[in-house]
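*Asks:* Next come the chains, spelled out residue by residue.
2 protein chains.
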Amino acid sequence: MSAPCIIALDAMGGDFGPEVVVPGAAISAVRHPGISFLMFGDEARINPQLEKHAALNGRVEVIHTAHVIGMDAKPSQAIRRGKGSSMWLAIEAVREGRAAVAVSAGNTGAFMALYRLLLKPLGNIERPAIAAIWPTVRAESIVLDVGANIGATSKQLCDFALMGAAMARVLFHLERPKVGLLNVGVEEIKGAEEVKEAHLWLKETEGLSIDYVGFVEGDDIGQGKVDVIVVEGFAGNIALKTAEGTARQIGTWVREAMMGSMISKIGAVLAQGGFRALKRKMDPRRVNGGTFLGHNGLAIKSHGGTDALGFASAVDLGYDMAAHGLVARLAADLAAFHGKLDADKNKADAASAAAPQSAAGGA
Amino acid sequence: MSAPCIIALDAMGGDFGPEVVVPGAAISAVRHPGISFLMFGDEARINPQLEKHAALNGRVEVIHTAHVIGMDAKPSQAIRRGKGSSMWLAIEAVREGRAAVAVSAGNTGAFMALYRLLLKPLGNIERPAIAAIWPTVRAESIVLDVGANIGATSKQLCDFALMGAAMARVLFHLERPKVGLLNVGVEEIKGAEEVKEAHLWLKETEGLSIDYVGFVEGDDIGQGKVDVIVVEGFAGNIALKTAEGTARQIGTWVREAMMGSMISKIGAVLAQGGFRALKRKMDPRRVNGGTFLGHNGLAIKSHGGTDALGFASAVDLGYDMAAHGLVARLAADLAAFHGKLDADKNKADAASAAAPQSAAGGA
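Protein chains in written order, with the numbering used here: chain G, 339 to 701; chain P, 339 to 701.
Errors might be hidden in some of the hints.
As the list claims (entries may be wrong) - With a straight-line cut-off of 20 Å between C-alpha atoms, the simulated SDA-like cross-links for lysine to any residue are:
1. P/K617 with G/G589
2. P/K603 with G/S599
3. G/K563 with P/G589
4. G/K412 with G/G643
5. G/K617 with P/R586
6. G/K603 with P/I604
7. P/K619 with G/K563
8. P/K412 with G/E531
9. P/K603 with G/V607
10. P/K685 with P/R667
If you're looking for bench data, these hints aren't it; they were derived computationally from the structure.
Please put together the full structure from these sequences, using the hints given.
*Replies:* Here it is, written out as structure tokens:
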């Protein structure tokens, strides 16, 4: 079973453009017979690629544009001069309901800027987030924000928690995903007041349809202790890249260790089935794709340097979330939460209006 | 050659107290004939351990105290009620010049609080930092702050850069260590103004005896791109723990992969020499020890749950830095830098006093 789903592709994004985007789309098309594509970009480069991939026959509409946002363009330039570009048109297709999700391997800053410009925020979301899928020893978790913003208020962290939980429900088919707030375990640390405040809200607000487990630390992520890890974007981005770097580093060490002696080399050849399984698990292409959350439409950012297999993962991710109605779930969850926040605030306001002395004169 | 060096040990710290601290000290004593110890704690538990380790004969003075700061004590409690405890006395020994460095596997928050209370800040350092040694594919790097504070101003980040560089000079014997500021690579991100400001200072201030290379990202750490990585403590702590967690996760995957089939198992047995080398490289005990930097004395925090081998690494680290005069180097570097900052500020003040219109009326 494969629900019909139209995906808008920025065919020019990334280090390679159509030479990776089209073959990537073809891989996804084989996996999901319900998918079809709108491809925005230079038809002179797209069409020759399409001819090579029979899986895409009759499933692609090419919309030509020669305008491309460069990988080094600033977000402000994308906003001022990006109109009509392949990236802009892909998001516009989502806004106009012609596509369920936009996927780009282009400039992250520009893509996020256009996502915010062209799509309306859900409810009273102040900031979008980028969510990453994080492979763990148990399965996979969702970590957000991994770089849409630097810093986050307590309300924004709560929004991230709910958005991540909605994504986990869609992607992992969990009714009440486990959610943790990333924090440092060192008791003496003052500050991170916004993290503590978010902690209290998530702990005390009822009916959120999440299983809030409290604080988690950096080493809990890879153990799969929770389904959703919430953190502001600076630390989140650093955590994600540090994990990627550590995986690469250990990969180097494993190879070096196996080349250390002839007998180790022979052992490694015999164990190559195991090493292949390991390599698959550690393959960053398997979980490629940052999901933009918070505005009224779906957008997936693929790594710029990935190959067709990696790009297909980003397309698959977009398909999964579109097919399961992520945006509608997000909107419902956020509306419920913001309603509760407002009710709490009204209650507090009413209480302080009824007893104006107690706040000033209390202990 | 082994310079004489007296090390003050909080014998009661950590999950195991003297049962790990004393054997750990013995391992270090064998490696460094110049080391002797002051051991603070319960002599009824310390002495039986000493009897088991001939390497410590005549090299240990036990100073009895029954007062111990618990692993769950708050920093404020350590300050109010910690006087006379094993941890307090160890730092006091450093302050009074009876020991060159204090090592504890106890409560990090309490240890940092007492370090700040009992030792004077160097120059006009506003905040201390905790520096970690980070194994990389090239060698080792220093990452700081990994959790003394949350957040850091641009000046504090510059202080961290100089303190980390002084530590790299001592530990890695480099004249001009490469220093990088940890940042997120995503262009669109606004904020982190303090990181950008620190970047400008480090780039433009001359004569700092560091090779400042600019921004680095999380995945550069494990590649050993620079010798010193500077970051505020929240993101630094999360990066460190995330890397530890990722290493553990991949260790699990490697074992699973090798158990996947009989032939892989046989291969793994043949390759066991390689796997042992790998395990050594990934052994967290090898680089155990967070160095407290910024106050007028040396203190090393060992992991609370480590064993004797891990505790010995922390002692070795303290020995290396004491023997090479880290604190004197730190003091000199910071004095030079703060002198430059003051000079710059005076110059700027003089310029704005001489031309009061230009600031208000300029472009």
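*Asks:* Can you give the numbers of the hints that this structure goes against, from lowest to highest?
*Replies:* Failing hints, ascending: 7 and 10.
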